[in-house]
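Chains A and B, in that order, are what the protein sequence lines are. So for the first sequence, the numbering used here puts the first residue at 33; every next one is plus one. So for the second sequence, the numbering used here puts the first residue at 56; every next one is plus one.
Since the hints were made in silico from the structure, they are not lab data. Treat each hint with caution, since some may be false.
[Stated by the list, open to error] The calculated DSS-like cross-link candidates involving lysine-lysine, where the alpha carbons are at most 30 Å apart (straight line), are:
(1) Lys255(A) - Lys505(A)
(2) Lys255(A) - Lys274(B)
(3) Lys694(A) - Lys113(B)
(4) Lys172(B) - Lys694(A)
(5) Lys694(A) - Lys294(B)
(6) Lys301(A) - Lys274(B)
(7) Lys124(B) - Lys694(A)
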Amino acid sequence: MQQRGQKVKACLEIIILILTIFAVYNPEQAYAKQTVCCERTIVGETCIQTGQEQCNPDYRSVQGLNCAQTDFCQVGCCRNNEGNCQANTPKATCKNQGGIFDPRADCNTQECRQGCCIIENQCSIETNLECIGQAATFGRANSEFRETLSEQECAGFCQQEEGGCCEKEGVCTIEKRGDCIQQEGDFFQNQHCSRVESCTCRPKDHKRCFEGDIYWFDSCNNKEDIIQECSYDQGLTCGEENGQFVCKSIDCLQTYNSPATEGDGGLRKNGESWCEYEGITGSGTDLVGSRHFRRLCVNGEEVIEPCRDYREQACVQTRVTGTGRGTYNEALCVTNNWEECATTCNTAKDARNNREFQQKSQEDRECCLDPQKSCSWIGNENQGRCIPQVPPGLKFWETKTTGQVHVEDAKEICSQASQECTVYYVKRTLLSSWKCEANCECERQPWIDQANAYCISLGDCGAYYNVDGDYTKEGLETNPPRAPQQEEFVKLQSAGRGLSTEDFDASQYRGLDAVPTKAWIQLGFATLGIIGPKIGLPSISALLGKAIGIGTAATTTGTATVTLSSLAAAETAAPVYTGIAEFATGNAISAANAAAGSTATGASAAGTILAAIPWIVLAVAVFFVIIHLFAKVKEKHYSVTCQPWQAPPGGANCDICGQDGKECTEYRCKSIGQACQYIPENEGTTRQSCFNAGRNDTKSPVIRPLQGKLTEGFQLRNTEVGYDITPEVEIHQTIEFGIETDELAKCKYANQPNQRFDDMISTIEGSSLKTTHSLTKSEGTGGQKDIYIRCQDVAGNKNERDYRISYQVSTVDLSPPRVELLRETDKLPNGVDQTILEVQVNEQAVCRYAKVDAPFEDMGDPLLCDQTPRSNGKYICSTNINLDQTTTYYIRCQDQQGNINTQGIQKRIEKTSELLIAGIQPQGELLENEIVIEIQTTGGAEGGKAICQMQIQGGHWVNMKNTQSTVHIQQLTLPEGKYNIPIRCEDEIGNQAQREVSFEIKQDRTPPKIKNIYKEQGQLVIILNEKGTCKIDTKSFSYEEGTIIGQEQEQFIIGLEAAEYHLICEDAKQNRMQEMVIHP
Amino acid sequence: MKKGQVTIFVVLGIILIALASLFFFARRTVLLPTTTENLQGELVSIRNHIEECVQRGKNDYGLLEIVNKIGKQGGYLQPAQDTFRLWNDSKVSYLCFNIPQTEACYNRLRTSQEIEKEIATEISNVLEGCLDIQSFGQLRPYNIQENERTINTTIRREEVQVTVKAPITLVASNNRVSLEEVQTKLEVPLGEILEVTNDILDAETTDGEFETLFYMIDKKGRIKIYKQRPYPDKIYIIKKEGSPYTFQFAVQGEPR
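Bound-form chain B, shown alone (with noise of 0.2 Å):
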C-alpha cells in the first residue's frame, strides 16, 4: 500500500477515537442522565469541594492553620496593640491585665464563644475566596442554585466542628435534590484545653500565681502545662497527651 493511502485510515480512526471520548465525555456531563442517584453524585463532589475549602482553604491556609493561629496567639487571629507580646515569632495575647503594684491581674475574659465566632469568619473569609460551586454547573444539564451561606463553630472538649449550612439545590428539568449543610471536624482537644485555661486563669486573678505540678498531678499527666518566665510576664503554653496541638497565652507582669 502507499504511503498516502496508510495516511487516511489513520485519520479516520484518530476522527472515531475522538468521536467515542466525546461521546463517553457527553454522558458524564452534557447528557449526564438527571437521575436522582447521579444528582447525590454531584452533590458529593460539591459537598467534598466544600470540605475541602474549609480545611484546607485555596493557599493551604484552613480550618487546621486557623486553630493552630489561634493557638499560638492566645484566643486570637488579629491580637490589637498593646494586647499582646512577641514571644517564640508568635504573637501571644495577654489574657490576663497587670493590676500594678499587686500579684493578681484582671481578666480579659477571651470566651469559647468568641473564639468560634472569630474561627466561623475566618472560614468564611476562606471561603469566599476558594468556593467555586458554580463550576460544578458547567456543561452539565442542570443548574446549581445556591442560597446564602452561614458558618457556625462549635468548640468541644475534643474537636473543633465547622457547619457550613450553604443551601445548595440542583435543579434539572425532572429533577432536583438539596444539600442543606456540610460538617468537618477537626480534631484538636481545644474545648478541654480552654477550660484548662480558665482555671489558670481562676487562680491568677486571684491569687497571682499558678501552681502546675499539684495541677498536672491531679490530672495524672494527661494535660501539661509549661510555663516560661520572658520578664516581665508569664506564658503558660497547654498542652493534651496524645495531641501535638498547643495552646499558649500570657499574663503580664510589671518590671520591679
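One chain only, chain A, in its complex shape (with noise of 0.2 Å):
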C-alpha cells in the first residue's frame, strides 16, 4: 500500500515537472515573433511594436521598421498646452494627447527649457509656457522667469520671502502670505506664531527634525527657528537617537564584505558606490557565470544594482580625492563595447604577404586602442593581438544562432582562438639524432596554457571555472590530447581587483602574446628575417638550409650552405625542394664545384701533397654529402580547438542559483550545470528560478545506430553490442558513420574496450550536447579496426559498457590517392594578385601542379605536402602562387605505394572585376513621404550579386529589406527634409562599393493643375499634373457640396450637356486648386 502510494506519488512528480516545462514563459518571444509599429492597436495604444493583428485597421502600420523609423512615429518633443515638453515622443503619441509635436528631439526650444517660475513668493521649477499658463490660474498677472536659476537656487530665492503666522478662528499655523490670504486669514509676517498675542502657542515647545536639521518648534506645532544644522554633504542628517534629535551619520558604517572582491566591505561615506565582482575579473580572465555590481551607500542605506547581466556591462571605479569629504570612491557600469575587439581588430592574421601583414598590424593596434571599444593589445608596437578587456559572457548552452542582429552563437566567437601548428623536426646528418628546429614551443605546456588563456579571453570559452568553482575542459580540444594546467579556484575567486577607469593593465594578461598559428609561423624563423603570413609552409630547403648554417659564407669544406638572399629567394619565386635526392643533388653539384674551383694551384712534392689535397677534399666533400644525403625533415602537427565552455554534467546544484541574494539569471542558472533549467516566471521573486531538470532522470543514454549517415556503399550489420560495416573499407578511405542516442548527450570514442568514459579522449564532434553524433574515419593500415563509443546525458549520466563500431580494412592500398578541393573554384577579390594553391589528400603523397594537364612525371611545379596527417586525418599540401590572369590549375599525386592519380584534378582560380553600384534610386526631389530606394549592382564576383546595407541617420549600417542580388530595394518613410543616406555594397569574397543616395524630401503644397484639356468624342477630358478628386458643378459651389466625377486619378471625363462647368480639384495632401470655369 505505502509502496504504491510512493509510485502515485513519484508519477505525479514527473507529471508536475513536465507540464512546468512546458508552461515556461518564454521572455524570448517578444523578440522572435514578427512585428509591425501600429498607429494605434486596437485597445488605443499608440506606436507599439506588436503583432500586425493588434493594429486597429483604421490607421497605419508598417513592416519591417521600428516605430522611431516611420513618419506617423517619429519621435520628436510633444508639448501639451500647460507647457510640459516630453523628448523623444512618437508624434501620433503626442497628437494623441492632443499636444503639439516638434521634430526637434531634444525639447531645446525656448518653451521647454526650465526654469526658475516666481509667482507671488512662491517658487517652483517650471517651463517658461508652464511658468504663465501657472499664474493665469492663480490669477495673478504677474510672474517672473528665471532659465538660469537651478534648483537649489530656486528654493533659496524664495525661502527669502518665506510667509509668517496666519491665524484663522483661533487657529495658529506658519503659511505663506498667498496661502493665507486664500484662507481669509490674518497674516503676520515673518513672525513666529508664539509671539501673535490673538495665538496661544508656547514657544519652544520641543524639538523635532525638519528637512534634515534640527528646529525648535512650538506647541502649536509650528516650525521655529533652527537649532542645528546638520550638514548632509557632511554625510549628516537630523536624527532621532535614545529619545533626543541629534545629527546622526548618513554613511554606510559597515557594508558587504564579497568574498571576491578585494578591497571592500567597510565604512562607506554617503554619496559613495564601488564595483563588487564575483571573482578574478578583467585581463580576459572574468568566471563563466559571472557579473559585475555597483553598490551605492545612500542615506546609511547600502544598495546594489546590477550591471548588465552576460557582462554587457562592466563596472569601473576610481578614486576622488581633494573633495571636502577626503578620499572616496565612485563607480559605474559602462557598456562592454568587446565585439570589435577579437574581430575588426585582429586582421593582421589573414594577411598574404609581409608589407600586408605589418599594415594591418598597424591598424589593428589602432583600432583596438580606440577609446571606444574595451580592448586591450596584447604585444608590442609591430606585432600583437586584441582582446575584450573583460570577455562576455555567451549562451554557451545554445548550439544555434537565435536569428537576432548582431547576435553570433557562442562557437563561432570562441573559434577564433583555434590555432594549428606544426613543429618541424631536422636529422642534419645520418650520424645525427632528431632535433626540433621550427615552432618547439608548440611541444611544450605553456603553450597549451597560453592557448587555452586566448581561448578563455574571448567569451565562455575553453576549459575553465563558473562562478561556484567547478571547472570543465571540454571548451578545449586539443590534437594531441593535453590538457591546460588548471589554476587553484581561490586564487581566482576571490582576486576581483577593481576595473581601473585608466589604462587596462596588460601586464595582468596570461594568454598568447605570439602564438604559432599557420600565419605566425614564420615567426619561428624570425632570426632568418623571414616574416610574413600565409606564404605558406616553410621549404625543406630553408629548414636544411637553417640547420646546416645559415648566415654564414659559402665555404670550400663541400657543406652546402645557403644564405640569407638565396632563401628569400627560395621562399618568393624558386620552387620548393620536397624530394631529398633533388636537395642532395644539388649540393653535391655545388660542392663538387667548389671543391674543382680550388684545384686551380698546383705544384710541387710538397707540390705532391698539395696536389693530393684537392682529393682528400674531394674525399671528404663526397662523405659529407654522403652524409648528408640522408638528412630529414618530419613534422609533428599540434591543433587547439576553442570551443563553448561547457557546464557541468548534472544539476544537483542548479537551487544554489539566487542564495547569494542575488538575482538567479538564466545566464547563472545555464553556469552551474548542464541539466539546470531557468523558469522566467520566477524572475524578480525569492522563489526558486533554477531548478534541476534531470533531477528524475537515472538513465543513462540509450545508443543505436543512425541510419541514412552510413557512407554511400556500405550497410550496417546490428551486433549484440553494436553493429558491423560492411563490405571491406579501402586503405586511405574516408568513411562516415554515427549513432544516435534518446536523449541530448555528448558522446566519446576509443580504440581500446572498457575505457571509463572521463578516461576516454577522443570526443564526438567536440562532444556537443546532440542526440545525433556522427564520425568520419579514415584509415592508414589495414586490418579489423574497433571503435568504443560511450556517452553522458545532462544529468550526468554516463554508459557504463561500451557501444562497438567495426569494420574491416584492406591491407592493399591499390588506389591513387585522393585528391580534395575545398572548392573548385577560388575567386580573388578585384585587386589581390597572390593566393595559395591548396588541395587536401587522404594520405601521404607528393603532389604537382600545372596549367595544362599533363602525366604526373611531366608536371614540373610541387606542391609542399604535410608529412603527418591532420587533425581531420587528412594531409594538405599547398603553395603560393601569382596570378594575372584567371587561371586553370591542375594538379596530380602520387602516394608511397607508387599509385597516380591518371586524371589531374583541376583547380580555377579567378580574377573578378570591381563592384560597382549604378542605378541609384530615387535623386532630386520628391513629394511623397513614403519613398523606395533602389539601387543596382554589376561586376564583382557573382555578375553584382552582393549584400547592400545602408546607414540612416548616423545609425547601425543594417541590411537592406531585398537585397543579396543585383537589384536592392527598401522601402522608407521619412518626414521632410534633405537626406544623404550612405549605402555600402559587399559581395561574396570581399569586393566592396560604396554610394551615397541623395534626395530631398517636400511637403506637396501644389494643387493640382490641368495640365489637358478637349473633347473627344462628344465628352470632354480633363488630365491633371498628379492624381487627384475632381468635383463640378454647372455654377460656382464650395468644394464639399459639389458633384464628385473621380477620385484619386488624373483623368476626368464629363459630358458636354451644360454650357458652363465649374471644376475644382484636390489631391491626396488635400492641395485644392482654385475654382475653374471651363466654357466647352
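Mind docking these for me? Both chains are given alone in their own frames, and the hints should help you get the complex.
Structure follows, in C-alpha cells:
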C-alpha cells in the first residue's frame, strides 16, 4: 500500500515536472516573432511594436521598420497646453494626447527649457509656458521666469520671502502670505506664532527634525528657529537617538564584504559607490556565469545595482580625492564594447604577405586602442593581438544562432582562438639525432596554457571555472590530447580587483602574445628575416639550410650552404624542393664545383702533397655529401580547438542560484549545470528560479545506429554490442557513420575497450550535447578496426558498457591518392594577385601542379605536402602562386606505394572585376513621404550579386530589405527634409563598393493643375498633372457640395450637356485648386 | 402559584418587551422625525457608505488596491499585449520602448491625467458593484433621489484624491437635504513619484541612461530609486522616504 502510494507520488511529480517545462514563459517570444509598428492598436495604444492583428485597421502600420523610423511615429518633442514638454515622444502619441509636436527630439526650445518660475512669493521649477499658465490659473498677472537658476537656487530665492503666522478663528499655523490670504486669515509676516498675541502657542515647546536639520517647534506644532544645521554634504542628517534629536551620520558604517572582491567592506561615505565582482575580472579572466555589480551608499542604506547581464556592462571605479569629504570611490556600469576586439581588430593573421602583415598589425593596434572599444592590446607596436578587456558572457548552451541582429553563436566567437601549429624536426646527418628546429614551443605545456588563456579571453570558452568553482575542460580540444594547467580556484575567486578607469593593465594578461598559428609560423624563422604570414609552409630547403648553417659565408669544405638572400629567393620564386634526392644532388654539384674550383693551384712535392689536397677535399666532400644525403625533415601537427565552455554535467547545485542574495538569471542558472533549467516566471521573486530538470533522470543514454549517415555503398549489421559495417573499406578511404541517442548527450570514443567515459580522450563532434553523433574516419593501415563509444547525458548519467562499431580495412593499397578541393573555383577580390593553391589528400603523397594537364612525371611544379596527418586525418598540400589572369591549374599526386592519379584535379582561380553600384533611385526632389530606395550592382564575383546595407541618420548599418542579388530595394517612410544616405555593398568574396543616395522630401503644398483639356467623342477630357479628386457643378460651388466626377486619378471625363462647368480638384495632401470655369 | 399561571405572565412580559423594542425601532426608522438634523444624520451614513465603498470596495478591492496596482504595473491597470514584462509577479509596463541599435528609447507618454482617468473609471466600476444607496431609504419616512454619478481623481504630490459627485437628495414630506459630493483621500506620494518618473524618462529618452546616485543625493535621500536589470530591460523602482508606496516601471532594451 505504502509502495503504491509512493509510486503514485512519483508519477505525480513527473507529470508536474513535465507540465512546468511546457508552462515556461519564453520572454524571447517578443523578439522572435514578426512585429509591425502600429500607429494605433485596437486597445487604443499608439506607436507600439506588436503583431499585425493588434493594429487598428483604420490607422497606419508598417512592417520591417521600428516605430521611430516611420513618419507617423517619428520621435520629437511633445508639448501640451500646460507647457509640459516630453522629449523623444512619438508623433502619433503626442497628437493623441492633444499635444503640439516638434521634430526637435530633445525639447531644447525656449518654451521647453526649464527655469525658476516666481509667482508672488512662490517658486518652482517649470518651463516658461507652464509658468505663464500657472500665473493665469492663480489669477496673478505678475510672474517672473529666470532660466539660469538651478533648483536649489530657485528654492532659496523664495525662502527669503518665507511667510509668517496665519491666524484664522484661533488656529495659528505658519503659512505663506498667498495661502493665508486665500484662507481669509490674518497674516503676520515673518513672525513666529508664539509671538502673536492672538495665538496661544508656547514658544520652543519641543525639538523635531525638519528637512534634515534640527528645529524648535512651538506647542501648536509650528516650526520656529533652527537649532542645528546637519550638513548633508558632510554625511549628516537629523535623526532621533535615545529620545534626543541629533545630527546623525548617514554614512554606511558597515558594508558587505564580498569574498570575491578586494578592498570592499567596512565604512562607505554617503554618496559613495564602488564595484563588486564575483571573482577575478579583467585581463580576459572573468569567471563563467559572473556579473558585475555597483553598490551605493545613500542615507545609510547600502543599495546594490547590477550591471547588464552577460557582462555586457562592466563596473569600473575610480578614487576621488581633494573634496571636502576626503577620498572616496565612484563607480559606474559602462558598456562593454567587446564585439570588434577579436574580429575587426585582429586582421593581421589573414595578411597574404609581409608588407600587408605589418600594415594590418599597425591598423589592428590602432583599432584596438580606440577608446570607444573595450579592448586591450597584447603585444608591442609591431605585432600583437587584441582581446576584450572583459570577456563577454555567451549563451554557451545554445547550439545554433538565434537569428537576432548582431548575435553570433558562441561557437563562432570561440573558434577565433583555435590554433594549429606544425613542429619541424630535422635530422641533419645520418649520424645525428632528430632535433626540433622550428615551432618547438608548441610541444611544451606553456603553449597549451597560453592557448587556453587566449581562448578564455574571448568569452565563455575553453577550459575554465564557473562562479561556483566548478571546472570543466570540454571547451578546449587538443590534438594530440593535452590538458591545460588548472589554476587554483581560490586564487581566482578572491582576485576581484577593481577595474580602473585608467589604462588597462596588460601585465595581468597571462595568455598568448605570439601563438605560432599557420599564419604565425614564420616567427620561428624570425632570425632569418623571414617574417610574414600566409606564404605557405616553409620550404624543406629553408629548414635544411637553417639546420646546416644559415647566414654563414660560402665555404669550400663542401658543406651545403644557404645564404639569407638565397633563402629569400627560394621562398618567393624558386621551386621548393620536396625531394631529398634533388636537394642532395644540388648540393653535391655545388660542393663539387667548390672543390673543383679550389684545385686550380698546384705544384711541388710539397706539391705532391699539395697536389693530393684537392683529392682529400673531394673525398671529404663526398663523405659529407653522403652523410647529408640522409638528411631528413619530419613534421608533427598540433592543434587547439577553442569551443564554448561546457557546464558541469548534472544539476545537483541548480537550486543554489540566487541564494547568495543576487538575482538568479538564466545566464547564471545555465552556468551551474547542464541539467539546470531556468523559470522566467519566477524572475525577480524570492522563489527558486533554477531547477534541476534532470533530477529524476537516472538512466544513461541509449545508443542506437544512426540510419542514413553511413557512406553510400556500405551497410550496417546490428550486433549484440553495436553494429558492423560491410563490405571491406579500402585503405585511406574516408567513411562516415554515426549513432543516435534517445536524449541529449555528449559522446566519446576510444580504440580500446572498457575505458571509462571520463578517461576517453577522443570526442565525437566536439562533445556537443546532441541526439545524433557522426564520425568520419580514414585508416592508413589495414585490418580489423573497432571503435568503442560511450555517452553521457545532461544529468551526468554515463554508459557503463561500450557500444562497438567494427569494420574491416583492406591491407592492399591499389588506389591513387584521393585529392579533394575545398572549392573547385576560387575567386580573388579585385586587385589581389597572390593566393595559395591548396588541396587535401587522404594519404601521404607527393603532389605537383601545372597549367595544362599532363602525366605526373611531366608536371614540373611541386606542392609542399604534410608528412603527418592533420587532426581530420587529411594531408594538406599547398603552394603560393601569383597570377595576373584567371587560370586553371591541374594537380596530380603519387602516394608512397607509387599509385598515381591518372587524371588531374582541376582548380580554377578567377580574378574578379570591381563591384560597382549603379542605377541609384530616387534622386532629386520628392513629394511623397513613402519612398523606395532602389540600387543596382554590377561586376564583382557573381555578376553584381551582393549584400547592400544602408546607414540612416548616422545609426548602425542595416541590410536593405531586398538584397542578396543585383537589385536592392528598401522602402522607407521619412519626414520632410534633405537626405544623404550612405550605401555600401559587398559580394561574397569581399569586393566592396560605396555610394550615397541623395534626395529631398518636400511636402506637397501645390494643388493639382490641369495639364490638358480636350473634347473627344462628344465628351470633355480633363487631365491633371497629379492624381486628385475632382468635383464639378454648373455654377460656383463649395468643394464639399460639388458632384464628384472621379477620385484619386489623373484623367476625368464629363459630358458636354452644360454650357459651363465649374471645376475644383484636390490632391491626396488636401491641396485644393481654385475653382475653374470651363466653357466646352 | 401553579406553573400554567406563571407561564401567562412570562408570555405577557415577552410581548411587552417586543412591543417596546418595536416602538424604539420605529422611532428610529419608519417613525423617524424628518427634521433637518435627523436627515443630515442619515446623509452622514450614506456618505460613510460611499467612502467605505471607495476605500475598500466590495471585496477589499478599493482605492488603495487600485493605486497599489497602478504602482506595481507602471501606471496601467490593464497592460496591453507587448507593452509589459513580467517581473516579481507583476506585469511591469514599459514606459519607454527600445529604439533598435541605439541607447535611447522612445517615450510612451503616460501622463498623470491618463492615470487619473483610469483610476476614476476603475472606482466607478467598483462603486457599481458596491454602492446600495436605496437600501438606506428602506423603512424610512423619506425617499432617496439619486442623480448620475461622476468620479474625478486628482493625483497630488502627497495624496490621491477621489471626488464622487453623486447628488443625493433625501426627500421627506416636509423637508429635504442634499449631498453633492464625497471626497476621499489616499495618502500616497504618487504625484511626486510621477515627477521623478518623468525625470528618469527624460534621461532615458535622450541619453539612454539615468544616474540614480547623483539624483538621490540631490534629493537628500528623500527619494530612493532602485534599478534592476532583468535582461535585456531595466526596471526602476521608486519610493519616497517615510511612505511604503512603490512605483515601478520598465525601460525596454534589446539583446546584443
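How the hints compare with the structure:
Of the supplied pair hints, the one linking Lys255(A) and Lys505(A) is violated, its CA atoms being roughly 70 Å apart against a limit of 30 Å. A threshold of 30 Å between alpha carbons decides the hint, and for Lys255(A) with Lys274(B) the separation of about 21 Å falls inside it, so the pair holds. For the given pair, Lys694(A) sits about 40 Å from Lys113(B) by alpha-carbon distance, which is inconsistent with the 30 Å threshold. Between Lys172(B) and Lys694(A) the alpha-carbon distance is near 38 Å, which puts this suggested pair outside the 30 Å criterion.
Taken as a hint, the Lys694(A) and Lys294(B) pair is honoured in the structure, with Cα atoms around 21 Å apart against an allowance of 30 Å. Distance check on the hinted pair: Lys301(A) and Lys274(B) sit about 17 Å apart at the alpha-carbon level, within 30 Å; holds. At roughly 26 Å between alpha-carbon atoms, Lys124(B) and Lys694(A) fall within 30 Å of each other, so this suggested pair holds.
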